[in-house]
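Chains L and P are the protein sequences, given in the same order. According to our numbering, the first sequence is numbered sequentially starting from 1. According to our numbering, the second sequence is numbered sequentially starting from 156.
Any given hint might turn out to be false.
[What the hints assert, rightly or not] Anything over 12 Å on all C-beta distances counts as not near chain P; from chain L, calculated:
| hint | residue |
| --- | --- |
| 1 | PHE42 |
| 2 | GLU43 |
| 3 | ALA56 |
| 4 | ASP61 |
| 5 | SER62 |
| 6 | VAL79 |
| 7 | ILE87 |
| 8 | LEU110 |
| 9 | SER111 |
| 10 | ALA136 |
| 11 | THR142 |
[Said to hold, decoys possible] Label pairs and their in silico Cβ distance ranges:
| hint | chain 1 | residue 1 | chain 2 | residue 2 | range |
| --- | --- | --- | --- | --- | --- |
| 12 | L | LYS86 | P | GLY232 | 12 to 20 Å |
| 13 | P | PRO195 | L | PRO88 | 24 to 32 Å |
| 14 | L | ASP61 | P | ASP253 | 15 to 23 Å |
| 15 | P | ALA189 | L | LEU59 | 30 to 38 Å |
| 16 | P | GLY248 | L | SER40 | 36 to 44 Å |
| 17 | L | SER57 | P | THR252 | 31 to 39 Å |
| 18 | P | LYS234 | L | GLU146 | 38 to 46 Å |
| 19 | P | VAL194 | L | GLY138 | 21 to 29 Å |
| 20 | P | ALA258 | L | THR150 | 18 to 26 Å |
| 21 | P | ASP249 | L | PRO70 | 42 to 50 Å |
| 22 | L | ASP137 | P | LYS234 | 23 to 31 Å |
Calculated directly from the structure, the hints in this document are not laboratory data. Beta carbons: idealized from backbone N, C-alpha and C, even for Gly.
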Amino acid sequence: MDVLRRSFLKLTAGAGVLTAAAAAGLVKSGQTWAATWNKSGFESKAAADALKSLGASNLIDSKDIAITAPDIAENGAVVPVAVTSKIPNTQSISILAEKNPFPLAATFDLSGGSESYVSTRIKMGQTSNVRAVIRADGKFYTAVKEVKVTIGGCG
Amino acid sequence: MAEPMKIRATLQGDVADVRILMLHPMETGQRKDAKGEIVPVHFIQSVVVTHNGKTVLDAQWSQAISRNPFLGLRVKGAKAGDKMSVTWTDNKGDKRTDEVAVAAAS
Numbered sequence: 001m002d003v004l005r006r007s008f009l010k011l012t013a014g015a016g017v018l019t020a021a022a023a024a025g026l027v028k029s030g031q032t033w034a035a036t037w038n039k040s041g042f043e044s045k046a047a048a049d050a051l052k053s054l055g056a057s058n059l060i061d062s063k064d065i066a067i068t069a070p071d072i073a074e075n076g077a078v079v080p081v082a083v084t085s086k087i088p089n090t091q092s093i094s095i096l097a098e099k100n101p102f103p104l105a106a107t108f109d110l111s112g113g114s115e116s117y118v119s120t121r122i123k124m125g126q127t128s129n130v131r132a133v134i135r136a137d138g139k140f141y142t143a144v145k146e147v148k149v150t151i152g153g154c155g
Numbered sequence: 156m157a158e159p160m161k162i163r164a165t166l167q168g169d170v171a172d173v174r175i176l177m178l179h180p181m182e183t184g185q186r187k188d189a190k191g192e193i194v195p196v197h198f199i200q201s202v203v204v205t206h207n208g209k210t211v212l213d214a215q216w217s218q219a220i221s222r223n224p225f226l227g228l229r230v231k232g233a234k235a236g237d238k239m240s241v242t243w244t245d246n247k248g249d250k251r252t253d254e255v256a257v258a259a260a261s
């Protein structure tokens with residue numbers, strides 16, 4: 001497993017073209033059922049483009065967002081991340097790992113009944129900022145936390 | 156492929172603490188197998204959680220979510236015995252739905 005990961009990481013640099021091909025295949029199968037899946041956002045290779053796809057401009061830094069993630073993640077394949085927002089009317093929570101090949105990891109739309117909290121585990125290719133973006137009443141709030149990754153896990 | 160999920164929903168006051176563990180390879184499309192061939196991208200794209208039939212969480216995921224994904228959320232206004240249902244759909248169109256009843260606080 002670890003040996004595979006090592007050899008994989010060496011190959012990652014050259015895998016970009018093939019990734020694009022895989023993504024193209026994904027588009028075809030994805031279109032049949034998921035009209036709402038944020039394709040442009042999830043395929044963005046830069047965090048700024050991913051934010052744009054969320055419609056997030058004029059990001060407001062907020063201290064009311066708590067990102068719970070380890071300071072140092074030994075295994076980038078499994079980085080526990082939890083986001084809690086104290087902003088009223090939080091409608092959605094997005095999680096980005098800014099230096100991943102595709103930074104946008106997930107968007108959670110919360111509707112009536114859910115507390116503004118989600119917890120999950122993400123993969124991180126390298127040490128990077130984890131950014132949470134909260135949509136509340138049409139405004140976008142954000143917070144970041146740096147997670148140091150010892151072994152990358154984008155494979 | 157679609158293995159059952161493990162879902163636990165426990166009441167804390169009037170808030171249900173829901174923890175979901177799905178079994179899915181979550182391939183990124185960047186990994187190679189022993190033969191040096193790219194393992195095709197295969198991941199859960201959408202997860203919907205409903206509480207007594209009402210959607211409380213609609214998540215869109217990328218391949219950056221870890222293998223055998225974990226999802227935790229809290230649902231307000233829940234009572235013991237309420238139905239929590241979770242459905243995921245992956246990029247190949249596979250689906251899986253599982254349902255549990257909210258358990259009273261222990």
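(request) Determine whether the Cβ-Cβ distance between L/ASP61 and P/ASP253 falls within the hinted range of 15 to 23 Å. (result) Given a distance of about 39 Å, which is not inside 15 to 23 Å, the answer is violated.
(request) Check the following: the C-beta atoms of L/ASP137 and P/LYS234 are separated by a distance inside 23 to 31 Å. (result) Between L/ASP137 and P/LYS234, where Cβ atoms are some 29 Å apart, the hint holds.
(message) Beyond 12 Å on every Cβ pair: is that true for L/VAL79 relative to chain P?
(response) 7 Å, violated
(request) Just double-check L/LEU110 for me: nearest Cβ-Cβ distance to chain P has to come out over 12 Å. (result) Since the minimum Cβ distance to chain P is about 6 Å, L/LEU110 lies within 12 Å and the statement is violated.
(message) Verify the CB-CB distance for L/LYS86 and P/GLY232 against the hinted window 12 to 20 Å.
(response) Holds, since L/LYS86 and P/GLY232 (Cβ atoms, about 19 Å apart) stay within the stated range.
(message) So L/ALA56 supposedly isn't at the interface. Is its beta-carbon more than 12 Å from every beta-carbon in chain P?
(response) With a cut-off of 12 Å, L/ALA56 remains clear of chain P, as the shortest Cβ separation is near 15 Å.
(message) Please verify that the nearest CB of chain P lies beyond 12 Å from L/GLU43's CB.
(response) 9 Å, violated
(request) Just tell me: holds or violated, for the beta carbon distance of P/GLY248 and L/SER40 against 36 to 44 Å? (result) 21 Å, violated
(message) Given the hint of 24 to 32 Å, is the C-beta distance from P/PRO195 to L/PRO88 inside that range or not?
(response) 43 Å, violated
(request) Please confirm whether L/SER62 is truly not at the interface, meaning its C-beta sits more than 12 Å away from all C-beta atoms of chain P. (result) It holds; L/SER62 is separated from chain P by about 20 Å at its closest Cβ, greater than 12 Å.
(message) Given a hint of 30 to 38 Å, does the C-beta separation of P/ALA189 and L/LEU59 actually sit inside it?
(response) 44 Å, violated
(request) Classify the label on L/PHE42 as holds or violated, using whether its beta-carbon is more than 12 Å from each beta-carbon of chain P. (result) 4 Å, violated
Of the numbered hints listed earlier, those contradicted by the structure are 1, 2, 6, 8, 9, 13, 14, 15, 16, 19, 20, 21.
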